[in-house]
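S.K.: Here are the chains, one letter per residue:
Protein chains: 6
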Amino acid sequence: MAKAVCFGEIMLRLNPEGYQRFVQAAKFEASYAGGEANVAVSLANYGHNAFYVTKLPDNEIGQSAVNDMRKFGVDTGKIVRGGPRMGIYFVEKGASQRPSKVIYDRAGSSIALAKREEFDWESIFQGASWFHFTGITPALGGENPEICLDACRAAKKMGLTISCDLNYRKKLWTREEAGRVMSELMPYVDACIANEEDAADVFGIHAEGTDVGSGRLSREGYISVAKELSERFGCSNVAITLRSSISATDNKWAGMLYRDGNACFSPEYLVHIVDRVGGGDSFGGGLIHSLLSDYDQQKAIDFAVAASCLKHTIEHDFNLVTEAEVASLAGGNASGRVQR
Amino acid sequence: MAKAVCFGEIMLRLNPEGYQRFVQAAKFEASYAGGEANVAVSLANYGHNAFYVTKLPDNEIGQSAVNDMRKFGVDTGKIVRGGPRMGIYFVEKGASQRPSKVIYDRAGSSIALAKREEFDWESIFQGASWFHFTGITPALGGENPEICLDACRAAKKMGLTISCDLNYRKKLWTREEAGRVMSELMPYVDACIANEEDAADVFGIHAEGTDVGSGRLSREGYISVAKELSERFGCSNVAITLRSSISATDNKWAGMLYRDGNACFSPEYLVHIVDRVGGGDSFGGGLIHSLLSDYDQQKAIDFAVAASCLKHTIEHDFNLVTEAEVASLAGGNASGRVQR
Amino acid sequence: MAKAVCFGEIMLRLNPEGYQRFVQAAKFEASYAGGEANVAVSLANYGHNAFYVTKLPDNEIGQSAVNDMRKFGVDTGKIVRGGPRMGIYFVEKGASQRPSKVIYDRAGSSIALAKREEFDWESIFQGASWFHFTGITPALGGENPEICLDACRAAKKMGLTISCDLNYRKKLWTREEAGRVMSELMPYVDACIANEEDAADVFGIHAEGTDVGSGRLSREGYISVAKELSERFGCSNVAITLRSSISATDNKWAGMLYRDGNACFSPEYLVHIVDRVGGGDSFGGGLIHSLLSDYDQQKAIDFAVAASCLKHTIEHDFNLVTEAEVASLAGGNASGRVQR
Amino acid sequence: MAKAVCFGEIMLRLNPEGYQRFVQAAKFEASYAGGEANVAVSLANYGHNAFYVTKLPDNEIGQSAVNDMRKFGVDTGKIVRGGPRMGIYFVEKGASQRPSKVIYDRAGSSIALAKREEFDWESIFQGASWFHFTGITPALGGENPEICLDACRAAKKMGLTISCDLNYRKKLWTREEAGRVMSELMPYVDACIANEEDAADVFGIHAEGTDVGSGRLSREGYISVAKELSERFGCSNVAITLRSSISATDNKWAGMLYRDGNACFSPEYLVHIVDRVGGGDSFGGGLIHSLLSDYDQQKAIDFAVAASCLKHTIEHDFNLVTEAEVASLAGGNASGRVQR
Amino acid sequence: MAKAVCFGEIMLRLNPEGYQRFVQAAKFEASYAGGEANVAVSLANYGHNAFYVTKLPDNEIGQSAVNDMRKFGVDTGKIVRGGPRMGIYFVEKGASQRPSKVIYDRAGSSIALAKREEFDWESIFQGASWFHFTGITPALGGENPEICLDACRAAKKMGLTISCDLNYRKKLWTREEAGRVMSELMPYVDACIANEEDAADVFGIHAEGTDVGSGRLSREGYISVAKELSERFGCSNVAITLRSSISATDNKWAGMLYRDGNACFSPEYLVHIVDRVGGGDSFGGGLIHSLLSDYDQQKAIDFAVAASCLKHTIEHDFNLVTEAEVASLAGGNASGRVQR
Amino acid sequence: MAKAVCFGEIMLRLNPEGYQRFVQAAKFEASYAGGEANVAVSLANYGHNAFYVTKLPDNEIGQSAVNDMRKFGVDTGKIVRGGPRMGIYFVEKGASQRPSKVIYDRAGSSIALAKREEFDWESIFQGASWFHFTGITPALGGENPEICLDACRAAKKMGLTISCDLNYRKKLWTREEAGRVMSELMPYVDACIANEEDAADVFGIHAEGTDVGSGRLSREGYISVAKELSERFGCSNVAITLRSSISATDNKWAGMLYRDGNACFSPEYLVHIVDRVGGGDSFGGGLIHSLLSDYDQQKAIDFAVAASCLKHTIEHDFNLVTEAEVASLAGGNASGRVQR
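In order, the protein sequences belong to chains A, B, C, D, E and F.
One point on numbering: in my numbering, the residue at position 111 of the first sequence is 111, and numbering is uninterrupted.
One point on numbering: in my numbering, the residue at position 330 of the second sequence is 330, and numbering is uninterrupted.
One point on numbering: in my numbering, the residue at position 243 of the third sequence is 243, and numbering is uninterrupted.
One point on numbering: in my numbering, the residue at position 183 of the fourth sequence is 183, and numbering is uninterrupted.
One point on numbering: in my numbering, the residue at position 245 of the fifth sequence is 245, and numbering is uninterrupted.
One point on numbering: in my numbering, the residue at position 120 of the sixth sequence is 120, and numbering is uninterrupted.
FYI, nobody ran anything at the bench for these hints, they're computed from the structure.
Here are some, though not all, of the chain D residues that point toward chain E, as calculated from beta-carbon distances under 10 Å:
{"no.": "1", "residue": "Tyr19"}
{"no.": "2", "residue": "Ala95"}
{"no.": "3", "residue": "Ala248"}
Derived BS3-like pairs (lysine-lysine); straight-line CA-CA distance at most 25 Å:
{"no.": "4", "chain 1": "E", "residue 1": "Lys78", "chain 2": "B", "residue 2": "Lys3"}
{"no.": "5", "chain 1": "B", "residue 1": "Lys27", "chain 2": "D", "residue 2": "Lys27"}
{"no.": "6", "chain 1": "F", "residue 1": "Lys252", "chain 2": "D", "residue 2": "Lys252"}
{"no.": "7", "chain 1": "C", "residue 1": "Lys252", "chain 2": "B", "residue 2": "Lys252"}
{"no.": "8", "chain 1": "B", "residue 1": "Lys78", "chain 2": "E", "residue 2": "Lys3"}
{"no.": "9", "chain 1": "B", "residue 1": "Lys78", "chain 2": "E", "residue 2": "Lys78"}
{"no.": "10", "chain 1": "F", "residue 1": "Lys3", "chain 2": "A", "residue 2": "Lys3"}
{"no.": "11", "chain 1": "A", "residue 1": "Lys227", "chain 2": "A", "residue 2": "Lys156"}
{"no.": "12", "chain 1": "E", "residue 1": "Lys171", "chain 2": "A", "residue 2": "Lys115"}
{"no.": "13", "chain 1": "D", "residue 1": "Lys78", "chain 2": "C", "residue 2": "Lys78"}
{"no.": "14", "chain 1": "F", "residue 1": "Lys252", "chain 2": "E", "residue 2": "Lys252"}
{"no.": "15", "chain 1": "F", "residue 1": "Lys171", "chain 2": "C", "residue 2": "Lys115"}
{"no.": "16", "chain 1": "D", "residue 1": "Lys27", "chain 2": "A", "residue 2": "Lys27"}
{"no.": "17", "chain 1": "C", "residue 1": "Lys3", "chain 2": "D", "residue 2": "Lys3"}
{"no.": "18", "chain 1": "D", "residue 1": "Lys3", "chain 2": "C", "residue 2": "Lys78"}
{"no.": "19", "chain 1": "F", "residue 1": "Lys27", "chain 2": "B", "residue 2": "Lys27"}
{"no.": "20", "chain 1": "C", "residue 1": "Lys3", "chain 2": "D", "residue 2": "Lys78"}
{"no.": "21", "chain 1": "F", "residue 1": "Lys27", "chain 2": "D", "residue 2": "Lys27"}
{"no.": "22", "chain 1": "C", "residue 1": "Lys27", "chain 2": "F", "residue 2": "Lys101"}
{"no.": "23", "chain 1": "A", "residue 1": "Lys252", "chain 2": "B", "residue 2": "Lys252"}
{"no.": "24", "chain 1": "E", "residue 1": "Lys101", "chain 2": "A", "residue 2": "Lys27"}
{"no.": "25", "chain 1": "D", "residue 1": "Lys115", "chain 2": "B", "residue 2": "Lys171"}
{"no.": "26", "chain 1": "A", "residue 1": "Lys252", "chain 2": "C", "residue 2": "Lys252"}
Anything over 12 Å on all C-beta distances counts as not near chain E; from chain D, calculated:
{"no.": "27", "residue": "Met1"}
{"no.": "28", "residue": "Lys3"}
{"no.": "29", "residue": "Asn59"}
{"no.": "30", "residue": "Gln63"}
{"no.": "31", "residue": "Lys78"}
Glycine included, every Cβ here is placed at the ideal spot set by N, Cα and C.
Please construct the entire structure, taking both the sequences and the accompanying hints into account.
M.R.: So, in structure tokens, the structure goes:
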């Protein structure tokens, strides 16, 4: 059980019930989520001492986010309170040929306006062995690129392993901005996580032979992307998620872990989707647990992919599964028979 | 943006939540729907000035139907208020091998008892370019066959294009009644819409080589039906929906548009169903938009089928999609990937 | 319409809404269920005079169970009231690769603590022609093995046909206890029902060539199991359910009825699951109806499998379908087309 | 425990959740209710063998009404099935100065169209000691006045006691019609129940010194009304409910029982209302139980008023209380302290 | 039926269900509301041709607000679409000694960032006779003070009557800012609406002898405030709401209308609260209807107070009552008896 | 901020929604509660480092209780996991004259079967300054009386202050058992909390001049009870809650704190009840905070009573209020005006 620190935003997630469209909703389900917060919950579920660092407004909505993190075992003692608001995002669940929709309302949030001096990284990292962030955090703007850099420097100095999920968000910044800022942060990163588009969007690294729109995936192309990321930034582990979207209801899902010149692919799962949002983050959470647990390369990617396969069957962003549940699926028990 | 007028019934739709059976329901979801009202909402969603004409009781339940139409942009200014009640129908959602069930309670409704003099078609059609009704409206009985005839005559005189969805309902009238009444109305109809059974039920026109029960569909058979409808009644456009029901959960869905002796078939979609009721009406709505927009024959049928494919993923009867969403699917974007 | 008596437990079933995990649930759906109670409801639905015999606490929760049975037409006049509590079980619905989970909290229930003298079987069986119980009831312990024996003896003496679903529950007793107790009861049983694991667990009878985990099913293996059960205990009918679990969402489902040395297999259904719990019991209910109705062997197994196929599409344990609905599916109408 | 028969309509009751207005409702709570059905449920709750007689359509909505009655212990074995539809009524719960609203949609129901020959009163009344109906049933029209007369004659001949709640409904018939029909039926009635307006509306019997609008109630006036009813029709018991409506949220509630020239008044309760609909019927149910139990005059009215006081705290029409609960309140235990 | 234009913000309102606290909420009820939007809905309910003018983001959340206004009959054709977001506010319903809480998240909204040139007031006011805004709109900052001034000038020039509800919001601006800006706008205002604190907060006009905290209200004090407002700004009508908060559950509610040196007080209502938010706006809506209808002074204030009394019994901000319902209460029918 | 330890049971609480009776419930709201757990949550809300000690089954239901405690800031690190089950209790909310009902199903729980050696009190109390338990814990039976004694001895030895709420539960033990066991524990108790019946039930100490049933309360009587408790067991603080139950909806609520021979009474609140369960525990939580904060005697009782007054307005057992909210009410701000 390691102390692991995640840093980023946490938002109020609002989604209509079931398959309702936004214009039909008389109620929104309220949960709290964010790329790094989702990872923190995964790590707590796997038994780690997970800390989440962010800034939240000092009102009841901010408190509700704190409470939700605490509920799932995340230590919220280092969260800064203050500032004007939490980011919000609206999710409409798609089905069959109708895609899911996400509307962000995150500008002007407390974390986006946070100041470097509000985070004492030496204190935060005391006793920790892992630091995780994603490309969304610097994309929030303001002092966040510098705060990420502060955190990376402190983490590296204090001997933590650092992971980063590229997570490019075109609504938050341009490819150019992302490339410039992430190029500064990546040299600190030991484990890099990306999906099929991130490397191209952020660093212009393209997987040849792959056409995301058509759903064709080339194993060779992914290996070449991982190799390039690994070599350009010195990441010892590069993990890539492989999603084939048959429809909003059915996806194929797999992953690849590249390490020391070798690529390991997980089995591919055909997933009947309950809630797809947070799928990538649950892969990150599983991968970090694999690396913290010194799993071998194949077991590492298998655990990460099984974890995120299960996430697709769970409502809302948090991947509420135990290590034993993930291990059971990773071990081949995929028949879904009732457990009494 | 054209002014389009739809005429028919609008009912209170009551369905248990989720997959509950009627006898399990402690609550009913309440919405408002009807074959022509569903088309009116589609047209409003695509940016047209859609008017709905019907008669509704002057109480809060009738007002709720008016409000629901207004919510989705339909002009309700020509709705007649009065009479005893609204029709009601109960829907139980099927799944897998269990079929959906619809129970109608529509006798004695305000629209069924409406009088010819209550509808001033010249005033209603002022400035309009399209009139739509379905075979359900004359089937309501009373003066409705005459009212439909009044409307068709006025529409034709004022230069509107007229569309009709045959929509045979065996609970409302016999095949003989339907054939007699519809044969009077069809000569006014420019665009005729039908499903795989309507032409046979109403006019005795059979698609050879097709066995609806077995799910086998013959393209040639459908063309022969459309040709016969087109020639018998002089319809310039005949559109037919092609549904293969694998189960209550999964359907194949396609359509064909016959014009000037040529038949265009849409691609076929495999649809994972959220709510199947209103599927045919959403095809009609898409087709009318195609024709109002002067789409070419292939684009016209592709838009109509994509529109109705999406309807199957939306709760309740109304097809709450935008023109852009339909166009995206019709353009080939069927992977259901999340839109952020 | 025959009088049929079922004896066993009925529990409060609590499940989170939709696909929520237990830790997400702010509400539980409350229903009442039990292996034999589910059969009683099926028999009432098919028009029989079904009695349920159990012991329930004399409080409002016990009364709610009585009311739920009454609602679905079961005669509750012979239920004994008293004792400390009802059993409870918690169900979490799985999806795709995530299995459903059942947590039992049934120790110390009124029925588990019931006394032999509380059940006057001669009075209970007055006018009845069928008695049904399952292997769960003696497994509840206390005097229940003796009570079951009392019931079987009285039933046999009074000329009732007796059916038993082996239903082995490893949380309730060991294989050894089950084998010993069930071996005493089975000689009274005319119709024996089992799933793919029960015969092995209880009597050490294995279907060769079948690996439940892998999902491979051998028809020959099942026949050998049925033959062995039939010959060892003199059961004139042995019915076995055949489930292939593709995932928690999709199962294949079929059954086999062995009689007089002949085995009849039903068609296999691919079922998209709404609620899988109670599936086996609904097979038992269908089979008993088949036998009470003197259906021929093929029709008997077809009805039982169609009944239980439909159960998988219905929320909660009770199989709320009519004889006509089952007969329609058993007759080949599996397309799930809307019934208006 | 006596066999008691109630005859009348049972409707589907639809109400928005909580204090929503009709136009706000996306869902309706569904329950089943009717003036006489509510009484039948009360009698079953007090331990009587209560039968309900009506006619319901042979579809799932009709079956749901049957199931709901069965759930609460009413014997539905004499209900006739067939005809086109069930009546429906919509209820909007008022609060403070905003009154509750009821919209009826009951025309053309199966019971309204029922035929005399469908009810075999000799068979229905076999072994029964009480018959109850209300003024609503003949007001449904068609053959219902004759059917009520048939029932009264048979009941009287077979020695049953007959009770009738005047229950004038101005939407169903005029004062003149009511007066004429009820005057024929009343001579058979032993126990007459009325509220503060019924006697005036139906028979022109006015309580002097009482202004319902203003809320002023005169005990003398009520006694004079009861005396007149008793003398004109030979009713041995006349019971009148006394409601003072402070607001839609708070009412004062009491009752009076007139017998042999003496009037007994109950205590008056100040009720904080949960659901007021069915309040009068629960008074009738309590009174009939009192009379069946041979309570003395004061105890009889106290029980009836306590029963109906409790009804005002229960959602939907049925008065789901036990005899013990009513007796506790009637005995003076009105503090509402938690019962553990 | 007059054309009336309201201008201001409309926000997404999110409140937990029932009496839940924010930290308990797994769902939020979603509705749309705002001080001026609430008035527009009132006016539409009373039969006026109510237009709402605002700026909303061009996404589905903005569209949902448009749809909600349309549903209740408001013309949304003049709403500007664009900008980054809608304001949001969170409401927690209080009870007894626990106060309701409102958390605003309205900074950076599309309307707050709107530009003067986006509103063509001459076109908007074509054919209109009334313009309404509140002190909240200029308080939104940016160009809104100027936009309000533009609107007032155009309205005055085009002969509209102008009403303004002072509605001071201390979270949006200081008393000094409010005083400065509102002093520029008030000379255009014909009808001024205020509550017991606004005049003091904005203009430093104090009602002597009144202590809001203690709940003591002095009629003389209110008259002096109205007189001062009337004289300082030349308002022909000044209306003041008088709220005595007994608890979060029970309030006393009344109002006063000052005109030509005379003050008319309404009766005082004791209100059992369902939802208190929007109470003041419903008073404004009622008052404007009174003035548009040329009611005499007493009837005008009675209608406005009855309207807002009813609002306290309705969920969410909009006052969903008809003119007839308000008139009934204003006419003295306050007993809340069921309307059948 | 002090470390405070609470020890006892935590149960799954199940209640129907709103005012539904048990037999109407298709859903139960699920929360977690217990006399001492409720106090722990209160202490965490007031900023203390609150630990909860209990034993919970090692399944998802037990985990859900842990998560709920964590959510509200309680440290669950010392909870023992294992054993068969959690206690459950069912709550039906009363209204007006209908009392709330509580049905316990707590026999055989993990905590009831816990062993002395499972609790290492020296480790648990490390750094703590307060220990709280109630009379319910020893009443659970098994080794719980000894475990409580172990805890009291360790706490006393380690210098903690000890509080105990007598909380007599007649369903758990007899008055004699309670008197014997509690008499052993009370000498360790510094602060004793009781309601109007506990002292009589447990120790036979009666408040003269008070008749709980009638609602009459004598201040002198309560003082004599407190004096007796204080003197007999050497408690430095004795606090008594004073509840007058007008109805299930409206209660009067006050309290008294006796110290050094002086009695301080709080103001009395008239409370409109949202949820009354947990009211007494919230008084205990407030009182402990007062004592930990060294409030003077009057302020101490005022805070405790204001805290518990607010609890009556909050759904479920936990008193989800902040210190500031309680202080505001205790300071006299009881008008319930909206806080924006």
